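Trainee: Sequence:
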Amino acid sequence: MNFYEQVYAIVRRIPRGRVTNYGAIARMLENPRAARAVGYALRALDDSDVPWQRVIHSTGEVRAGAGQQTRERQAALLREEGVDVINYRVSMKTYGWDGLTPPEVEAALVEAARG
DNA sequence: ACAGTGACAACAT
DNA sequence: TATGTTGCCACTG
Numbered sequence: 001m002n003f004y005e006q007v008y009a010i011v012r013r014i015p016r017g018r019v020t021n022y023g024a025i026a027r028m029l030e031n032p033r034a035a036r037a038v039g040y041a042l043r044a045l046d047d048s049d050v051p052w053q054r055v056i057h058s059t060g061e062v063r064a065g066a067g068q069q070t071r072e073r074q075a076a077l078l079r080e081e082g083v084d085v086i087n088y089r090v091s092m093k094t095y096g097w098d099g100l101t102p103p104e105v106e107a108a109l110v111e112a113a114r115g
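Our numbering puts the first residue of the first sequence at 1, with every later residue one more than the last.
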């Protein structure tokens, strides 16, 4: 199981209507400095069931837009699930996700590896 | 093996 | 608040 797959396993656990950031995912994977790699992993997604739109900047800003995806698209997807996006910014205080506990992370990875 | 790259983040102006 | 700089790391050719 490579790093990308681990990232996807975590992202799939982000609840609908909530958001988190690249660095937080890197920390959950015990690789706190790999925030850029997390972004790279999401960029590599094609079409899948990974809710990539729920991953934004630590500042609460929506900046994604590689390839076919645009930040307009990301903002639209977030609004569809109830996240209030204003001027490409989201209130982390209101919509921020607490993240998974270490045991939950482990369970997510195990399930993904099995799946 | 090695250098280039990018959907980041923290810090300094 | 807004740029600019620097450190990072996994992946790719």
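Worth double-checking, as some hints may not be accurate.
As the list claims (entries may be wrong) - Restraint ranges, calculated between C-beta atoms of paired labels, are given here: (1) M1 x T101: 16 to 22 Å; (2) T70 x S91: 17 to 23 Å; (3) R114 x N87: 23 to 29 Å; (4) A76 x E106: 31 to 37 Å; (5) M1 x E61: 29 to 35 Å.
I should point out that these hints are in silico values taken from the structure, not numbers from a laboratory. All values reported here derive from a predicted model rather than from experimental measurement. The beta carbon of each residue, even a glycine, is placed where N, CA and C say it ideally should be.
Trainee: Taking the numbered hints from earlier one at a time, note which ones the structure violates and give those numbers from smallest to largest.
Mentor: 3
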